[in-house]
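Sequences listed follow chains A and B, in order.
Counting along the first sequence from 1, when you hit position 131 you're at 131 in this note's numbering, and nothing is skipped either side.
In this note's numbering, each residue's number is its place in the second sequence (first place is 1) plus 1000.
There could be a bad hint or two in this list.
[To be verified] Derived contacts from chain B toward chain A, CB cut-off under 10 Å, selection only: (1) F1031; (2) V1033; (3) E1091; (4) P1092; (5) G1097; (6) A1104; (7) I1121; (8) F1145; (9) R1146; (10) F1149; (11) A1162; (12) R1165; (13) V1166; (14) A1168; (15) P1172; (16) L1186.
[To be verified] Per the computed footprint, the stretches of chain A lying under chain B, defined by three or more beta-carbons under 8 Å from a beta-carbon of chain B, are: (17) 174-181; (18) 185-197.
Hints are computed from structural coordinates only; laboratory data are not their basis.
Keep in mind it's a predicted model, so treat the numbers as computed, not measured.
Using N, Cα and C, we set each Cβ at its ideal position, and we do this for glycine too.
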Amino acid sequence: MSQAKSHFSPAAVLRGSLVPVLVIALWQILSTSGLINPVVLPSPVQVVVRWWAYLLPTEAYDPAQSSWILWALSGEMLFDAWSSLYRVVLGFAVGAGLALPLGLAMGGNPRIYALFDPLMQVLRPIPPIAYIPLAILWFGLGNAPAVFLIAIGAFFPVLMNTIAGVRHVDGIYLRAARNLGAGKLTMFVRVILPAATPYILAGARIGIGTAFIVVIVSEMIAVNSGLGFRILEAREFMWSDKIIAGMFTIGLLGLAIDIGMNRLNNHLLRWHRGLEN
Amino acid sequence: MTPMLKTVADTMPVADAAPVQIQVRGVEKTFAVGAQKIVALQNIDLDIRKGEFVCLLGPSGCGKSTLLNAVAGFQPPTKGTVTVDGRSITEPGPDRGMVFQEYALFPWMTVAQNVAFGLEIKGMSKAAIAEKVEWLLQKLHLQDFRNRFPKDLSGGMRQRVAIARVLALDSPILLMDEPFGALDALTRRTLQDELLRIWEEVGKTILFVTHSIEESIYLADRIIVMTYRPGTIKRDVAVDMPRPRDGSAPEFNRLKRELSQMVMEEQQRFSQDEIRSVTAD
Chain A
1 MSQAKSHFSP AAVLRGSLVP VLVIALWQIL STSGLINPVV LPSPVQVVVR WWAYLLPTEA
61 YDPAQSSWIL WALSGEMLFD AWSSLYRVVL GFAVGAGLAL PLGLAMGGNP RIYALFDPLM
121 QVLRPIPPIA YIPLAILWFG LGNAPAVFLI AIGAFFPVLM NTIAGVRHVD GIYLRAARNL
181 GAGKLTMFVR VILPAATPYI LAGARIGIGT AFIVVIVSEM IAVNSGLGFR ILEAREFMWS
241 DKIIAGMFTI GLLGLAIDIG MNRLNNHLLR WHRGLEN
Chain B
1001 MTPMLKTVAD TMPVADAAPV QIQVRGVEKT FAVGAQKIVA LQNIDLDIRK GEFVCLLGPS
1061 GCGKSTLLNA VAGFQPPTKG TVTVDGRSIT EPGPDRGMVF QEYALFPWMT VAQNVAFGLE
1121 IKGMSKAAIA EKVEWLLQKL HLQDFRNRFP KDLSGGMRQR VAIARVLALD SPILLMDEPF
1181 GALDALTRRT LQDELLRIWE EVGKTILFVT HSIEESIYLA DRIIVMTYRP GTIKRDVAVD
1241 MPRPRDGSAP EFNRLKRELS QMVMEEQQRF SQDEIRSVTA D
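The shape of chain A in the complex, shown without the other chains:
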């Protein structure tokens, strides 16, 4: 409580905003003084204006065409953000959806581990971005190669952590469950899986972070929509203000994903000791 209070006290807000305000002021002075070409570094005001225009609908409101709410959401930025988010979520679901069962099997069964581990060790160090040429060759352009790349980015962190999670289950839980008469399936579903959840979720957070990096890169190369595509497109028109506005939006989306993951984490691990505060 006291911490939350001090966090939002006027003095703390003032202290926290001091450096950002100074940086923005310096930036404004530099770009309006004529020292720096505005095409290279647009002023912060210009960026905000552009960001606002990027957010707003491009066409005038026409009640005959669509409802008010659809019109309000028809801006380019929201469409781009939605495209990127959709790819991250889909790619992450595919990658984590494959990694989780494989990780559980590898962590729980030494034979399966011995079978798959060499291949995983060879593939794991390859950065997902290195798959781009192959992704385009296999899937062409569009959502498919992007989702493929994102899935690869999410796959390995989730896999490695799931294996570690299963292997680190405290033996006392296994003994207690055996004593209560648990069979193999019950043991796995009701004991090993929940006991491994803290590890698995830590892997999922790393995985979604990687997925978010990969989505921007793959949109710059293989797709014609999304935030990554938009900032590269803006470069071709020398719209540096829009590039920065797009970067800012990418940051906001990343923050939103992180907050969402954090909420999910706190809910799924509400039993966990580490979250007592």
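With chain A's structure known, arrange chain B on it following the hints.
For chain B alone, coordinates are given in the frame of chain A:
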């Protein structure tokens, strides 16, 4: 031998009428620690009758937990046999409910879910499980904590949940491995009294490991004092004092003095061993 220190054969307590439930014959257990071979248990013969409350007493490393684990089926003996109701024990099972010192509650389950877990494994109907869980929560004064997670409970409360969880199994035998060892003295006494109350009510056979002499006298029908390495049975002492036992009564203290002497002999061998192992490094 003082009149207080009767061996089991000398006395005829009520439990003698009951049939033998746990039979340990010629049990030996050896562990390899590096190149060293440690004899944790040797020549253990023990009969425990149905409904008896038996304490295994001794210093650290005397093999009392090893013996308990052999009965539980977690660590089969190197030699010899353990039978329960005539059946040979090879693996753990819900007929021998175990309470661990470190509670071993499932932290991701609430109090009620922990208690229900064994019943779900048994495949009981939802309604029957709910009813039984409710009954157990009432019995152990846990009804206000049913939706809490273990991390939000004190040590004493956690151990109540662990006891409720094994009581749910309706196992004829309770195995308890220093269950109150980590609790403060007052909580410990409260839980000891509750355990005795439940034991008298439901009539289970209890095998209880402890290194506390007072605890063993307060609880047990019989105290098995064990020796330090190799772990053997040093003495089998019957306690025939009426319950609730008074820790300040002369006979309680006389027994305590005699048991202390026996345990201290073994404790000294344990300490010498420790000093030897340190100087050998």
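Hint-by-hint comparison with the structure:
The interface hint given for F1031/B is broken, as the beta carbon of that residue sits about 16 Å from the closest beta carbon of chain A, more than 10 Å. Among the interface hints, the one on V1033/B is violated; its C-beta lies about 18 Å from the nearest C-beta in chain A, farther than the 10 Å criterion. Hint status for E1091/B relative to chain A: holds, with the closest Cβ pair at about 8 Å, below 10 Å. The beta carbon of P1092/B is positioned within 10 Å of a beta carbon in chain A (closest approach about 5 Å), and the interface hint is therefore held.
With 10 Å as the threshold, the beta carbon of G1097/B comes within range of chain A, its nearest partner Cβ sitting at about 7 Å, so the hint holds. The interface hint given for A1104/B is met, as the beta carbon of that residue sits about 4 Å from the closest beta carbon of chain A, less than 10 Å. Of the supplied interface hints, the one on I1121/B holds, with its beta-carbon coming within about 5 Å of a beta-carbon of chain A, less than 10 Å. A cut of 10 Å between beta carbons decides the hint on F1145/B: the least distance to chain A is about 14 Å, and the hint is violated.
Below 10 Å, beta-carbon pairs count as interface contacts, and R1146/B has none with chain A, the closest being about 14 Å; its hint is therefore violated. The restraint placing F1149/B at the interface with chain A holds, with a minimum CB-CB distance near 4 Å, inside the 10 Å limit. Hint on A1162/B holds. Least Cβ distance to chain A is approximately 8 Å, under the 10 Å limit. Against a cut-off of 10 Å between C-beta atoms, the interface hint on R1165/B holds, since the closest Cβ of chain A lies about 7 Å away.
Against a cut-off of 10 Å between C-beta atoms, the interface hint on V1166/B holds, since the closest Cβ of chain A lies about 8 Å away. For A1168/B, the shortest C-beta to C-beta distance to chain A is roughly 9 Å, which falls under 10 Å, so the interface hint holds. Residue-level restraint check for P1172/B is violated (minimum Cβ-Cβ distance to chain A is 14 Å; threshold 10 Å). Because the closest C-beta pair between L1186/B and chain A is about 25 Å apart, greater than 10 Å, the hint is violated.
For the segment 174-181 of chain A, the assignment as covered by chain B holds, since 7 residues bring a beta-carbon within under 8 Å of that chain's beta-carbons and 3 suffice. Check result for the segment 185-197 of chain A against chain B: holds, 6 residues qualifying (beta carbon to beta carbon below 8 Å, three or more required).
In summary, the numbered hints that this structure violates are 1, 2, 8, 9, 15, 16.
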